[in-house]
Amino acid sequence: MTGWLQPHRVVMIALALALVLWSAFSLRWDWLAEYAPLMAEGIWNTIWILVVTSVLGMLLAIPLGLAQAAGPWYLAAPARAFCTVIRGTPLLLQLWLLYYGLGSLFPQFPWIRQSDLWPILRQAWPYAVLALTLSFAGYEGEVMRGAFKGVPRGQLEAAKAMGMPRLTILRRIWLPQAVQRALPTLGGETVLQLKATPLVATITVMDIYAVSSRVRQDTFIVYEPLLLLAVVYMCITGLIVLAFRWLERRVPQRVA
Amino acid sequence: MKRLLALAAAATLALSGAALAQQIKVGIAAEPYPPFASPDAAGNWTGWEIDFINAVCAAGAMDCVITPVAWDGIIPSLTSGQIDVIMASMSITEERAQTIDFSDKYYKTPALVAVARGSGITPDAAGLSGKILGVQTATTHADYAQKHFAGAAAGIKIYQTQDEAFQDLVAGRIDATQADSIAVDAFLASEAGQACCEAVGAVADDPEILGAGVGAGVRKGEAELLAKINAAIAKVIADGTYDSISAPYFASSIYGD
Amino acid sequence: MNGLITASGLGPALDLLALSPPGWGGNLLRGLVNSIQIALGAFGLGLLIGLLSAYGKLYGGPVIRDLLAVYTTIVRAVPELILILILYYAVTDALNQLLVASGFARIQISGVMAGIAVLGVVQGAYATEVLRGAILAVPAGQIEAARAFGMPPVMLARRITLPAMLAFALPGLANLWLIATKDTALLAVVGFGELTLETRQAAGATKAYFTFFVAAGLLYLLISLVSGRVFAWLERRARRGEPGAGGGGR
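Chains as they are written, first to last, in the numbering used here: chain A, 2 to 257; chain B, 307 to 563; chain C, 1078 to 1327.
Think of the hints as simulated: they come from the structure by calculation, not from any bench.
A portion of the hints provided could be inaccurate.
[Unchecked claim] Calculated cross-link-like contacts (lysine-lysine; reagent style DSBU-like; alpha-carbon spacing at most 35 Å):
#, chain 1, residue 1, chain 2, residue 2
1, C, 1284, B, 411
2, B, 331, B, 414
3, B, 453, B, 526
4, B, 541, B, 437
5, C, 1284, B, 414
6, B, 437, C, 1284
7, B, 414, B, 437
8, C, 1284, B, 453
9, C, 1284, B, 331
10, B, 541, B, 526
Chain A with its partners taken away, still in its complex shape:
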């Protein structure tokens, strides 16, 4: 700890505190009380969308990575094409294509509206979850490809030589090591995923970003909601970083 609290850092912290105090007292925050419940709901929506899409995306990324690293060409080629398309186009566009593009096809197929799935399909969040899941899978699939390839061949060959069935090799040897290799990038990817979530506001999902836009529209206060929003995202980012640090410490690393 020695040397961390150097004089210039004290000055910087003091400046930051002064900035916080100044914004607390000279900017307008009277709207906070009225919108607090809505903001809590927005933060909750942002967080569950983040968690659900990251988990689902990761589950999808494993077969995508495996197919590219070791699959036959008829699996590897589609997986590769999927990752290229997802990584090569803006998420905003993918989201609008899924929501408005698919939506514009509904009137042509009246049976969709009669189906049991309609109460879900007519809402916005399934499209948001789908788009964000596919996006996460596309980026992380690429990472998993490298991770699967990075596992030393000798280990797989040794397992095969011991007569381990292929699925057991995957489950016990290959997958755990690949995930361990991908773990350091996973934290970063999750932060990127968090930063992608506000886009869902453009398809009417009420996340924290949408709530802050509503505050802006209702009260004509421009900067305060944006500042608070930035702080909220920084806090969530901090939580993600801490969570992954904890996770990485639990996964044993062999340092050569």
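Assemble chains B and C onto chain A, guided by the hints.
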């Protein structure tokens, strides 16, 4: 070749002259809002409001540049100086008037509710009870829906553009949408609108929220510009230009009472 | 049945995408040009900011280092969309108030300039880390040798550090460039007429949402595939002096 050069020189002169005459950036919403303002396939903005802006600028001898900016950030764009005037079908409301100054109104139309044909929805809280209503962000309709329908409706969806709200009405994701009567009429006249939907009348008036018609917005304290715009609007209305602009778009006058 | 729908649907779709009006293809291409322009500008600005900050982080004093750490941390933690909104409205507002207060006329910042500035600041934060890593990867001996010969710092950067680090930086920079092209789509939210907004307008006007979003997706994909090739070629060039390069091993 020589003529071309002369032309180019003249154009440069005209341009520099224009720059001297203080260009006025007229902000419109970048999201299409037919029949008031929407881009055509050639990338030009067309519509009644565009024609009206041009007429007002000509009447006031102002050198205007039409500048599309995001609708939900149009007031910050004005106050931060990216544009000088808002002429984007913006209703004159007390809340907005606390932030910006408004000109005299240049049109006023009622707020209609459009629904899927035969749904039996009426434009009041009882009719919308348990239904999902779509409105465009940062509009008087959004404010109206929050105040009058938030308790009854199953949900109020906020769209970036009115086009997208109509689109979701066609898709069946919302049961009703509240919008300006002209926008609703234009939608209902379109192929998609004819196929699915109908208007079920105007919502009960609430002048405090729905405002006193549509006016041009300027930054607070720019009295000179505001006076110039007001004079130009009056002139356009008085000399018949207003009616001749409106004729191709609307069957009856939209100036309102 | 399915074939019929596609066969009957494809003709009108192509008409809608025709390059001259009444087709909307021309609008899309204009948007594409705007997007590429902003992406190039932002990438260039980001490289400049990144290079300066990377040097600042490596060789600067403790104050500069901490300030840069704050910059990169904030930019990497806050969604681009929000940074764009804050920078787009707040910074132009602040700039204008400053100008008016000091007796100048307000300036109007064009959408392109604002877009480049905003995305450039975002890119700069990521570029800082990429370039810092690349500079660190240059064998210290090379830099020390140049210093020992009395090379002035600027010449050292120009002749030794920058060319030598290029090979290490290129993969990261390629990624950044792709992010830049895709982030231009976010400017649609502040109403700037780049590819995504043009697409949205065309789709809204014609109600052919599917057609236009797919078409725009293909254009973005084209950019990313072409730039992938260009960066692969650049990387091969940058690595041509290295031992073992050209052998095919990656």
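Going down the list of hints, with the structure as the test:
At roughly 31 Å between alpha-carbon atoms, residue 1284(C) and residue 411(B) fall within 35 Å of each other, so this suggested pair holds. Restraint check: the Cα-Cα separation between residue 331(B) and residue 414(B) comes to about 24 Å, which is no more than 35 Å; the hinted pair holds. Annotation: proposed proximity of residue 453(B) to residue 526(B) holds, straight-line Cα distance about 27 Å (limit 35 Å). In summary, the hint linking residue 541(B) to residue 437(B) is not supported, as the alpha carbons are separated by about 45 Å, beyond the 35 Å threshold.
Of the supplied pair hints, the one linking residue 1284(C) and residue 414(B) holds, its CA atoms being roughly 27 Å apart against a limit of 35 Å. For a cut-off of 35 Å, the pair hint linking residue 437(B) to residue 1284(C) stands: about 24 Å separates their Cα positions. With a C-alpha separation of about 28 Å, the suggested pair residue 414(B) and residue 437(B) falls inside the 35 Å cut-off, and the hint holds. Between residue 1284(C) and residue 453(B) the CA atoms are separated by roughly 31 Å; this keeps the pair inside 35 Å, and the hint holds.
Taken as a hint, the residue 1284(C) and residue 331(B) pair is honoured in the structure, with Cα atoms around 30 Å apart against an allowance of 35 Å. With a C-alpha separation of about 23 Å, the suggested pair residue 541(B) and residue 526(B) falls inside the 35 Å cut-off, and the hint holds.
Of the hints listed earlier, the one the structure fails to meet is number 4.
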